[in-house]
Amino acid sequence: MNKLGRGHRDKVQQFMTITGSSEKVALQALKTSDWHLEAAFDVFYSQTHIKSYADTRRLEELYNRYKDPYVDMILVDGITLLCNDLQVDPQDIVMLVLSWHMKAATMCEFSKQEFIGGLQALGIDSLEKFRDRMQYLRSELKDEQKFREIYNYAFSWAKEKGQKSLALDTAIGMWQLLFAEKDWPLVEHWCQFLQARHNKAISRDTWSQLLEFARTVDPTLSNYDAEGAWPYLIDEFVEYLNENGIIQKDQLDEWSQKH
Amino acid sequence: MSAQKKRNFQIEAFKHKVVVDPKYAEKTWKILEHAIHEIYNHNASGLSFEELYRSSALLRFYLYIFRNAYNMVLHKFGEKLYSGLVSTMTLHLKDIAKSIESAQGGSFLEELNRKWADHNKALQMIRDILMYMDRTFIPSTQKIPVHELGLNLWRDNIIHSGKIQSRLRDTLLELVQRERTGEVINRGLMRNVIKMLMDLGSSVYQEDFETPFLEVSADFYRGESQQFIDCCDCGDYLKKAERRLNEEIERVSHYLDAKSEVKITSVVEKEMIESHMHRLVHMENSGLVNMIVDDKYEDLGRMYSLFRRVPNGLSLIRDVMTSHIRDKGKQLVTDPERLKDPVDFVQRLLDEKDKHDKIINLAFNNDKTFQNALNSSFEYFINLNPRSPEFISLFVDDKLRKGLKGVSEEDIEIVLDKAMMLFRFLQEKDVFEKYYKQHLAKRLLSGKTASDDAERSLIVKLKTECGYQFTSKLEGMFTDMRTSQDTMLGFYRSMGSEIADYPTLVVHVLTTGSWPTQSSPTCNLPPEILGICDKFRTYYLGTHTGRRLSWQANMGSADLKATFGKGQKHELNVSTYQMCILMLFNNADQLSYKEIEQATEIPALDLKRSLQSLACVKGKNVLRKEPMSKEVAEDDAFFVNDKFTSKLYKVKVGTIVAQKESEPEKQETRQRVEEDRKPQIEAAIVRIMKSRRVLDHNNIVAEVTKQLQSRFLPNPVVIKKRIESLIEREFLERDKTDRKLYRYLA
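Those sequence lines, one after another, are chains A and B. Be aware that the first sequence starts at 2, since it is given in our numbering, and climbs by one per residue. Be aware that the second sequence starts at 13, since it is given in our numbering, and climbs by one per residue.
Quick caveat, the hints were computed from the structure, so don't treat them as lab data. Where a beta carbon is used, it is the ideal one built from N, C-alpha and C, also for glycine. Treat each hint with caution, since some may be false.
In the DSS-like style, the derived pairs of lysine-lysine whose C-alpha atoms are separated by at most 25 Å in a straight line are [unchecked claim]: (1) B/Lys748 to A/Lys104; (2) B/Lys449 to B/Lys475; (3) A/Lys165 to B/Lys475; (4) B/Lys449 to A/Lys165; (5) B/Lys702 to A/Lys165.
Listed next, with one range per pair, are the computed distances between beta-carbon atoms [what the hints assert, rightly or not]: (6) A/Asn200 to B/Leu517: 48 to 54 Å; (7) B/Thr534 to A/Glu150: 55 to 61 Å; (8) A/Asn200 to B/Lys718: 33 to 39 Å.
Take the sequences, apply the hints, and build the full model.
Right, here's the structure in full:
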């Protein structure tokens, strides 16, 4: 610190205050970004695996705020309170992203380890920081790779503990939520189809393959390959679309106008 | 030639010395020239050389000439000799040409023939005389040897002379034409003239005869075939074509070059067969299909051997035959009338196969490609009907059941082999297995299997075809039957006196799993029976601890002694269900349907069927029903039919016979088959993935299909579902980068 110039010293100080990191980390980040503070923040926050040396005491305080009175976990009430504090709707998809960071085993509950571990990974140790990070979490959904991870994670998270498959209603709800972000035109038809024809739980394979389907096959099904080893449910969906004349020329125009 | 002259020459020859003198050459040549003239003139005089030869005078002359020739060559006058030969011969030939040209009509050929013969003889003599020249002068100067020269000169001056060439060709062709229209011609003369052309060289033969011959023949046959096809039916046309073909072959053997045979036969084949192939095959009322239907072996055989000669001839026959068989087969298997009697249905299939086998054997030369086409057609239409496996099993059941009285062992084998042949065509062999098991069970349990050996024989055949798995359970059924016999013996031996007063009991103990799955339906056995049944149960469980026995009332039968109202006594053979029903009437005169149902607890469908057999069938109506309708309704009332009569003492009422399934039963069986297929498909997938480790989707489907094809044809959609199920159960996973690839998880 003594070797640094005054301006740099200030920046290190500022960095440490805002991020709550150590001097060593601050120096590294600033040096990497050529002593541009904003850029240093970007660098710091994009490395989610960096455990910030947040005050564990403060994290415990935070945990205790939301913890259930009878069980050593954060349950529904606690989560509702948290959402309130964060000024976020409990149904907001950002909560899924948060759960993903926490590696939460199942929805609507956080274990102490999951909560604290998650916050540490995100470098959060206060409500203010927590609120600030929400925008960042939301932005992660735009990243192709992250979205896939979050999407696949959502299956385990949304299903009942001990079950292998995801209940249909839950799956439909999740899909509607997730594909609102991704903007897949066929999502409504997919959900209708499932309710009309399938009426059973969704397997993991079907879940993950649907994302591939939405990503690679265009909504007019022009590049759908019947030999493409798609799960049979997706094959049936295609049949359903063709049978009901849903795939038509105006569909193509509509889609191409949007894009 | 006078003797005097000869002597003169002779003397001179001995006296003269050999001198190299141009005048000598001229003189010698003149002698030779004269000799050649003489040779030709001998021809003209009509004296045969043989006659003259015999006179030694000529022989001496001949030798003298020879020596002169020798000398000329020796003294290098070969050139003069040779050119002189050419001009002399040419001169003579021109004369000969004139005489031939002047021949009238028919004698043209004869004259030509005669002159040719003479020329050959003359040529031979001249060649002999000029032999030394042939051997020395000609090879060294590469001139044409004498014999060949003679032929060429003949060719150029006679055959290719303007007035002879075309006349010769036209004459020959005209004779052929006349022969074709039925006239008798002088074949010997033809042969000689043709041989002459051949001797003059193959190009002469071809140019001056063969090529125009083929052209004219093509026109002829084109016209004739058009005529025939417009007025003949297929069989007659083929006879005519065959006749013409044979005629041409015979013609060639008699007076043409053997090499012409293949050329003229292809002309006939093309014009008479190839051009009209399609029209013949598809001819209405007489074409291929009609011939097949009417078993016209001779006509079919003729068609086969003729069409064999032309490109695509046989494939045309084969294709038309195939589509006919397929159509016929399709009709057969979809005709609702035919489907009413399964045994008849199968018999018809066998008859069709036999019929066509015979045709291929007798008329189509046992051609393998035809045999294959027949087989694939059968495979195609047999599988069009989803009930084929069931029906074939019923057919076999019928044969093994009663059809064996008075039939020899060999005949049984033949019928079973034929059934096996149909079995091989089935794609859904596992469906057959299911039905076969059911039918076999019924046969065994009702004691209706006529020949144990025949049953065994069929099982062996099935095992050979499908492997051990297929038949292991069936064999289990036979084992159970045998074991049960032993059990019964043991039972009676050990219980002997205790059970003497009870009704006689015969029990078949069936191992669950070997026999077709049945649920154990409810049935209250009559008290008269319960005693002995319990005794048996005790005995059996005493010797076989840890087992569970449940009575299968739906599969048993009973013999009852019955006395009716007027005292008539009969022995009734009934099913177990029917026994339960009838025994009730020992304690009641009248019973309603509901009462019977309550007392026996027999399932409704079976109860109705049993009652129907007891009350509504003429000659077997030991019960009376009110109202007298054919169907059993829930508010019917039943009475013993005191007026029951039968000519026989023993009356058979209900038998457990294998029957064509009703619609709901069929659905059930089909469902069970589908359920059974799932684990088989999964096992196949796991086997394949275990050895391959990584494999893409299409290949898995192909491999699975291949592995299971001896049992059934798996549906690709079902395979896909099984793969997904295996993914869920973590036997497999999708590859992370290529979603079409699957990985085996150890």
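Practice task
State, for the Cβ atoms of threonine 534 of chain B and glutamate 150 of chain A, whether the hinted interval 55 to 61 Å holds or is violated.
Solution key: holds (58 Å)
Handout entry: Holds or violated: lysine 449 of chain B to lysine 475 of chain B, with C-alpha atoms at most 25 Å apart
Key = Answer holds: lysine 449 of chain B to lysine 475 of chain B is near 14 Å, not above 25 Å.
Exercise for the section: Could you grab the alpha-carbon distance between lysine 165 of chain A and lysine 475 of chain B and see if it respects the 25 Å cut-off? Expected result: violated (42 Å)
Handout entry: Distance restraint hint 33 to 39 Å, applied to the beta-carbon atoms of asparagine 200 of chain A and lysine 718 of chain B
Key = holds (35 Å)
Handout entry: Restraint status (C-alpha distance of lysine 748 of chain B to lysine 104 of chain A at most 25 Å)
Key = holds (21 Å)
Exercise for the section: Could you grab the alpha-carbon distance between lysine 449 of chain B and lysine 165 of chain A and see if it respects the 25 Å cut-off? Expected result: Distance of about 38 Å is beyond 25 Å: violated.
Handout entry: Pairwise beta carbon distance, asparagine 200 of chain A to leucine 517 of chain B, judged against the given window 48 to 54 Å
Key = holds (52 Å)
Problem - Given hint lysine 165 of chain A paired with lysine 702 of chain B - CA-CA distance at most 25 Å - result: holds (24 Å)
In this structure, the earlier hints numbered 3 and 4 are contradicted, and the remaining ones agree with it.
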